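Peer 1: Residues per chain are reported as follows:
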Amino acid sequence: MAKDILKKIAEPSLQVVGYVVLAVMFLYILTPLVWMFLTAFNPEGGPFLELPKEFTLDNFIMIFTGGPIKGRAGAAHPFYMSRWIQNSLFIASVALLLVVTMASMAAYSLSRLDFPGKSLLMTFILLIGFMPSMAKILPLFKLCLMFGFVDNLFGVAVVIASSILPTQIWILKGFFDSIPRELEEQAWVCGCGWFTTLMRVVLPVAGPGIAVVALLSFLGAWGSFTIPLILIRSEDLYPISLGIASVFVHNPGEIGLAVDYGPLCALSIVYAIPSLVIYYLTRKYLMQVRLGKMEVR
Amino acid sequence: MVEIRLEEVTKRFGNVLAVDRITLKVRDKEFIVLLGPSGCGKTTTLRLIAGLEKVTSGRIYFGDELVDDGKTTYVAPQYRNVSMVFQSYALFPHMNVFENIAFPARIRKLPKEEVKKRVYELAELLRIKDLLDRKPHELSGGQQQRVALARALMIEPSVLLLDEPLANLDAKLRVYMRAELKRLQKEFKCTTIYVTHDQVEAMSMADRIVVMNQGRIQQVGTPDDLYNKPANLFVAGFIGSPPMNFLECSIDGKGFLDFGVFKLRMPEDWITAVQEVGEVIYGIRPQDIRVYKKEREGAVEFTVYVAEPLGDRIVLTLARDNLWIKALAPPEFTVEMGDRVWISFDFTKAHLFDKRSERLII
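Protein sequence lines, in the order shown, are assigned to chains Y and G. Under my numbering, residues 14 to 310 are what the first sequence spells out, in order. Under my numbering, residues -8 to 353 are what the second sequence spells out, in order.
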């Protein structure tokens, strides 16, 4: 009897405890996001969580047009913000193109050809991918100086692409491995040469994999911080990540005075959007990502 | 449609000898089946003909054209004008059924109207007309198989290559498609090479069967030839169900076969045939053994080890000392385990093989 009562009380109360824990975590995670969101649409947003008295898109207009809006005072940063968005877009797009082109070629060869030292090469690629990019930053920086990649957006994109490439090769190899060889053989028998087979059978079938790799590399380059930090010096060449950081770094101890919170939060939202959109677009294919058969030795 | 010739074709994969000096002529419009256990080289032979593998040595001809000699000449699959149905069907997952079937014609840039007409004809013939808009993953195994077949028949191939096309279907559908395939082949009159490990499939469909084992051709012949005149022990054991009984015995010089526990008198023509051989193997199919419940002249006594009724017949496993024999009896022949029965052998349908060379003597 007592046991039953205990059971009746204990079970629901456990559930309540669970919900309370969840709610606390929820608040903890969501509060900064909510603050960011509210401030971005607040004409007078500050460093505190407050409900806007009126709703405005001025902050977004400012960061995209680059100029201050009439009748609104503010720091000089919005002038650069539009440039920062363009810079990030440029870096991410170039990195995407480089990674997709090179990863698909490399992954297809690794998936289909047998050659001596293949597993060693695969392991090597994976190890390079695992290594933090900062670990090799000194020689990398020297190389970049040689090639004129310092303070050069294209150069930054190349370096970022090289850091993303190894893992993407592995992901794409997994996709190519899952395409049965018979599909290609069937295409040959049907009269296709190697190029037609690639264009009409292999790439369309690997399409989801290539899309995943494209979007992952876009995101990787879009979010990249350390490589631009080392390689870019001029403020007008900053990508968004560096820009947002610089707003704080350049105003030590003055947070709340010189930082223009409205445009900054708007910029943060713009910065966050691609990852949300990309997750939504590729959620079906992301589930298919696998690193193929593990052949690490 | 051409005649296909393989001359002394050998294929090695590293140290593995997959196909060993095969010489074969596939006649125009013929339905030929490559039959053998898994790993016997039958699929490799098919892939060599398709051009998916290159020969190590030997020559392959399509009509008068040399397509592969392992040295200077090699015609790639796309120029051989063959059609192939893989065991997995290999349908293109990103195309619907219509596009899959039309694919070989599209690659050959045939006029659109003609392609459309042909696809509809084939779809009608293979009863997949309602499926043309579907994607391969929305089809059942049998439907996928028919789509793959339609695609293979879309063009007029020099030769139609089928690699175990029925293996992934359930038993009932397999029997149905077996008959359909045979009818289609005769209708389209295309030279067909069909690979299978199922001897029933081979027997029921083929004009001629090529039995292979360990990379070598064991025998080439009509289903009737293979059944009644198997060239060696392997073919005799592979063709027919339940398989042929093999009994080791010796020849005693007085016209008798000595099985150890009993002797059988040989017919006259056997005595002359076996004069120079010592150890032999006596082969007889279960259906050529007569079983009696009572003792009779010339019949040998055995004990019933197990009886398996199949409805239309009973498969009996009989034992005597260390001799084991399978025999067939009519359904009304009711026996229990341990019963004594008497059997007699039909010598006109039995065979004698040389124990050493395993070749047929008579």
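The hints are simulated quantities; they were obtained by calculation from the structure and are not laboratory data. A quick note: this is a predicted structure, and the numbers were derived from the prediction, not measured. Be careful, since some hints might not be right.
Claimed, not checked - Below, computed lysine-lysine pairings styled on DSS-like, alpha-carbon distance capped at 25 Å:
id: 1; chain 1: Y; residue 1: 297; chain 2: G; residue 2: 177
id: 2; chain 1: G; residue 1: 340; chain 2: Y; residue 2: 131
id: 3; chain 1: G; residue 1: 254; chain 2: G; residue 2: 340
id: 4; chain 1: G; residue 1: 254; chain 2: G; residue 2: 20
id: 5; chain 1: G; residue 1: 120; chain 2: G; residue 2: 108
id: 6; chain 1: G; residue 1: 180; chain 2: G; residue 2: 108
Said to hold, decoys possible - Chain Y side only, calculated, beta carbon under 7 Å to chain G, not exhaustive:
id: 7; residue: 23
id: 8; residue: 24
id: 9; residue: 168
id: 10; residue: 196
id: 11; residue: 199
id: 12; residue: 207
id: 13; residue: 208
id: 14; residue: 212
id: 15; residue: 216
id: 16; residue: 224
id: 17; residue: 249
Ideal Cβ placement from N, Cα and C applies to all residues, glycine included.
Peer 1: If a hint holds in the structure, say so; if it does not, say that too.
Peer 2: Hints versus structure:
no., hint, verdict
1, Y:297 / G:177, "violated, 46 Å"
2, G:340 / Y:131, "violated, 58 Å"
3, G:254 / G:340, "holds, 18 Å"
4, G:254 / G:20, "violated, 49 Å"
5, G:120 / G:108, "holds, 12 Å"
6, G:180 / G:108, "holds, 20 Å"
7, 23, "violated, 48 Å"
8, 24, "violated, 44 Å"
9, 168, "violated, 37 Å"
10, 196, "holds, 5 Å"
11, 199, "holds, 4 Å"
12, 207, "violated, 9 Å"
13, 208, "violated, 11 Å"
14, 212, "violated, 11 Å"
15, 216, "violated, 10 Å"
16, 224, "violated, 13 Å"
17, 249, "violated, 45 Å"
In terms of the numbered hints stated before, the structure departs from hints 1, 2, 4, 7, 8, 9, 12, 13, 14, 15, 16, 17, listed from lowest to highest.
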